[in-house]
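Colleague: Working from the sequences, and respecting the hints, build out all of it.
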Amino acid sequence: MELDVVMLSRIQFALTIMFHYLFPPLSIGLGILLVFMEGMFLKTGDKQYENMTRFFTKLFAVNFALGVATGIVMEFQFGTNWATYSRFVGDVFGSALAAEGIFAFFLESGFLAILVFGWDKVSPRMHFFSTVMVSLGSIFSAVWIVVANSWQQTPAGFHVVGEGINARAEITDFWAMVFNPSSVDRLVHVILGAFILGAFFVMSITAYYIIKKKHLELSKKAFTIALVFGAVVSIGELVSGHFQANTVSKTQPAKLAAFEGHFTTKDGGADMWILGIPDEEEERVKYGIKIPGGLSFLLHEDFSTPVTALDQFPKEDRPPVVIPFYMYHLMIACGMFFIFITLLGLFFRFVTKTIFEKRWLMWIFVFAVLGAYAANQAGWIAAEVGRQPWVVYGLLRTSDGISKAVVGEQVLISILMFSFVYALLFAVWVFVMNSKIQHGPEDVQMPLETTEGGLLEAAARLANPAGYSMMGDNEEPETETKTETDNEKEAE
Amino acid sequence: MDLNIIWFGILGVLLAGYAILDGFDLGVGILHLSVKDDTERRLLMNSIGPLWDGNEVWLVTFGGALFATMPHAYATAFSGFYLAFMLLLCALIFRAVSMEFRSKSENKIWRKAWDVSFFGASSLATFLFGVAVGNLIVGMPIGADKEFAGTFFGLLNPYSLLVGVLSVALFAMHGSIYLYLKTSGELQAKIKHWMWTTFGIFMTLYLLTTIVTLIKLPAVTRNFETMPLAWIAVVLNILAIANIPRAIYKEKPVYAFASSCLTIAALVFLFGMALFPNLIVSSINPEYSLTIYNAASSQKTLGIALTIAIIGMPIVLAYTAIVYWVFRGKVELGKFSY
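Respectively, the protein sequence lines represent chains A and B.
Each step along the first sequence adds one to the number in the working numbering, with nothing skipped, and position 311 is 311.
The number in the working numbering is simply the position in the second sequence, starting from 1, with 492 added.
In case anyone wonders, no lab produced these hints; they're calculated from the structure.
Some hints could be false.
What the hints assert, rightly or not - If you anchor each label on the Cβ, the simulated ranges turn out as follows:
no.	chain 1	residue 1	chain 2	residue 2	range
1	B	Ile497	A	Val161	42 to 50 angstroms
2	A	His242	B	Glu598	46 to 54 angstroms
3	B	Pro633	A	Glu409	53 to 61 angstroms
Unchecked claim - Coverage of chain A stretches by chain B, computed from C-beta distances (three or more under 8 angstroms per stretch; other residues unrestricted):
no.	region
4	74–80
5	111–120
6	406–417
7	420–430
Just so you know, even glycine gets a beta-carbon here, dropped at the ideal spot from N, CA and C.
Modeller: Right, here's the structure in full:
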């Protein structure tokens with residue numbers, strides 16, 4: 001049996017990118033929250049904020065390491081599995097990737113060292129600066145990789161030279177490439193999506209502590225920060241999603257039609273499916289709930305303007321419908337849920353002030369983070385599968401982009417290898433994250449101190465970095481050993 | 493000097509930067525199992541703890557820059573070395589997570605497993621880098637379509653394997669000198685022996701490889717006729733290697749480390765001299781070779797990438813310096829350590 005190199009290469013890319021994308025959005029989302037937390041510590045001197053920052057930094061570090069380890073695969077994979085694609089796009093796409101390395105990765109990885117290992121080595125201000133730089137680096141990284149990917153969706157600023165197998169895209173205008181028609185909309189959408197994940201991640205862990213009545217004060221503070229932030233970014237994501245859909249309808253109408261299960265162009269308005277089962281054979285959506293004219297309204301603010309459907313494209317240029325349709329709807333359902341649950345949370349937090357007694361709501365927040373992971377993955381799956389059959393939209397077909405020197409067996413071996421390695425890593429990651437979460441942040445002990453003393457001490461700490469570091473050294477190891485023993489007991 | 497040559501130079505600098513910086517990280521990994529005690533193993537890991545990640549970015553940036561400026565070389569080499577690259581990626585993944593995970597549990601088997609993984613991954617990655625360099629010096633079966641036409645086992649030819657082993661010895665030596673700088677007391681005394689041992693092994697392999705290269709692959713020196721100034725690198729290389737035992741003997745580890753860095757830089761330079769102006773030599777027909785001209789991006793892209801490099805590199809060097817400064821001195825185990 002001849003192995004299908006195209007399909008295998010696609011499976012491998014999907015596997016490695018989806019696994020990789022568990023980590024970067026959390027780095028981006030948690031990074032910005034670390035900036036808030038540590039900023040609050042510097043502003044107020046409240047040790048709760050410091051412990052909160054230290055605790056989430058540990059989780060951040062584990063997550064970041066996996067992001068780095070799985071990320072290097074992505075960069076090399078263009079060359080190993082998609083050599084023809086690399087030859088075609090290198091002139092354009094490569095610059096964005098190189099810029100990511102120089103402007104983002106060095107920034108992140110350099111200051112990450114200080115963020116994670118440098119608490120006792122630099123002043124609090126320098127440490128805060130490092131936290132900001134790491135957060136900024138992770139956002140820059142998103143900027144360049146989304147620019148590169150957006151160029152694949154809506155190519156601009158280039159011309160094609162050569163013909164047949166020698167054809168390749170050459171850059172004509174760097175800034176037109178960077179600000180191609182979909183870059184900005186997609187970037188905003190991706191970053192807000194990552195922020196949502198960060199917010200729900202913090203809420204998940206702190207809600208768990210609140211239910212278990214552990215680290216209560218710290219958890220309530222952290223939960224509140226994440227809740228407010230989560231509500232703002234969830235609403236922002238809805239607005240961003242609207243603009244995004246509008247852009248896609250103009251730049252990649254076939255993709256939007258696949259998202260919406262819009263098979264046939266009609267004279268009047270196009271319907272919007274809230275739910276449904278798309279059937280590609282019969283080219284219609286079965287058993288669904290729809291808003292008549294809804295898609296037209298969404299795109300044109302008018303219920304009767306026709307919207308281009310899949311039948312306007314030759315069969316060989318149409319994307320598959322089933323996966324994009326479900327993933328797109330899953331993403332939107334998650335997004336609506338985020339808005340609903342965070343607004344509900346805000347109401348109970350600030351109006352009735354009873355949120356922390358509502359165990360059912362806390363339990364929802366413990367698990368809601370899975371929705372945030374799902375939404376981030378689903379959005380990208382919809383975007384990438386919806387671009388098919390093109391790897392560079394309208395220019396290069398995915399089937400033409402593979403490596404000619406690589407045979408199916410090789411790809412199969414590497415898929416098996418990655419599956420095994422990633423399954424192992426995933427298990428270890430869950431185990432390590434869980435043990436860190438069970439361990440929890442350090443609790444502040446201040447039974448004998450008045451508030452004034454606390455503030456003075458905090459101020460002294462800020463003014464005297466050396467004293468600050470010594471305190472950390474003296475008091476922590478004991479607490480740590482003790483809690484670790486406790487954990488072992490719990491595990492038994 | 494045209495943009496293509498400048499980029500050949502920048503790629504060389506990135507590669508040398510990677511080899512010098514991640515070289516000692518990988519070297520520490522290669523030596524990791526040489527100590528048995530848990531605290532000593534933690535000291536070894538933590539000596540590179542805050543630094544290895546940033547060092548690996550040199551490789552990532554090298555890859556990105558190669559993709560941007562020499563896409564054909566990137567595509568041909570990476571797809572041609574397919575299985576070797578997959579192994580390399582696997583090794584780099586395990587190297588990273590071994591450090592991150594090892595000390596997260598007290599369990600002995602857990603720690604042992606990650607120790608072995610850290611050693612294995614570091615050794616394998618170094619070896620594969622060497623094998624790749626060896627193959628590039630020997631030449632690869634590249635067809636008229638710029639595609640690799642060989643097999644995985646063809647890559648494992650004796651010369652490339654020799655260069656692979658030489659790389660392991662080189663990074664082990666480099667790593668041991670680095671560790672000598674970062675440790676103290678009993679552990680440091682042990683590491684002193686390692687420096688001598690690894691230097692001895694490196695020296696032997698270095699002489700062997702040099703002799704084999706000059707006899708079997710005389711083409712590597714062709715560029716010296718047109719560029720006599722390159723002899724300076726040869727002289728520097730020999731002086732640097734000779735200075736390593738001298739500095740160790742005189743208890744001046746900083747000089748030994750500087751010499752070791754210089755040795756690596758000079759070797760990367762000589763590798764570049766052996767290739768120039770080729771990137772990948774075709775063993776089928778020299779005309780099929782990928783050069784810095786027929787494998788390159790357009791002049792416009794080379795210019796854009798150069799602008800990015802000129803803006804980016806000084807900033808990168810600045811904060812790399814800050815981070816190395818913050819983590820200067822002997823390694824200690826604290827509560828933030830691995």
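Colleague: Starting from the hint 46 to 54 angstroms, judge whether the C-beta atoms of A/His242 and B/Glu598 obey it.
Modeller: 51 angstroms, holds
Colleague: Per the coverage rule (Cβ-Cβ under 8 angstroms, at least three residues), is the region 74–80 of chain A covered by chain B?
Modeller: holds (count 5)
Colleague: Between B/Ile497 and A/Val161, is the Cβ distance one that fits in 42 to 50 angstroms?
Modeller: Violated: the Cβ-Cβ distance is about 22 angstroms, outside 42 to 50 angstroms.
Colleague: Tell me if chain B covers the region 406–417 of chain A under the three-residue, 8 angstroms CB rule, please?
Modeller: Per the Cβ count (5), the hint holds.
Colleague: Can you confirm whether chain B covers the region 420–430 of chain A, using C-beta to C-beta distances below 8 angstroms and requiring at least three such residues?
Modeller: holds (count 3)
Colleague: Is 53 to 61 angstroms right for how far apart the beta carbons of B/Pro633 and A/Glu409 are?
Modeller: Taking Cβ atoms as reference, B/Pro633 and A/Glu409 lie about 19 angstroms apart, which means the hint is violated.
Colleague: How does the coverage statement for the region 111–120 of chain A fare against chain B, requiring three or more residues with Cβ below 8 angstroms from a Cβ of that chain?
Modeller: With 9 residues in contact (Cβ-Cβ under 8 angstroms with chain B), the coverage given for the region 111–120 of chain A holds.
Against the hints set out earlier in the document, violations occur for numbers 1, 3.
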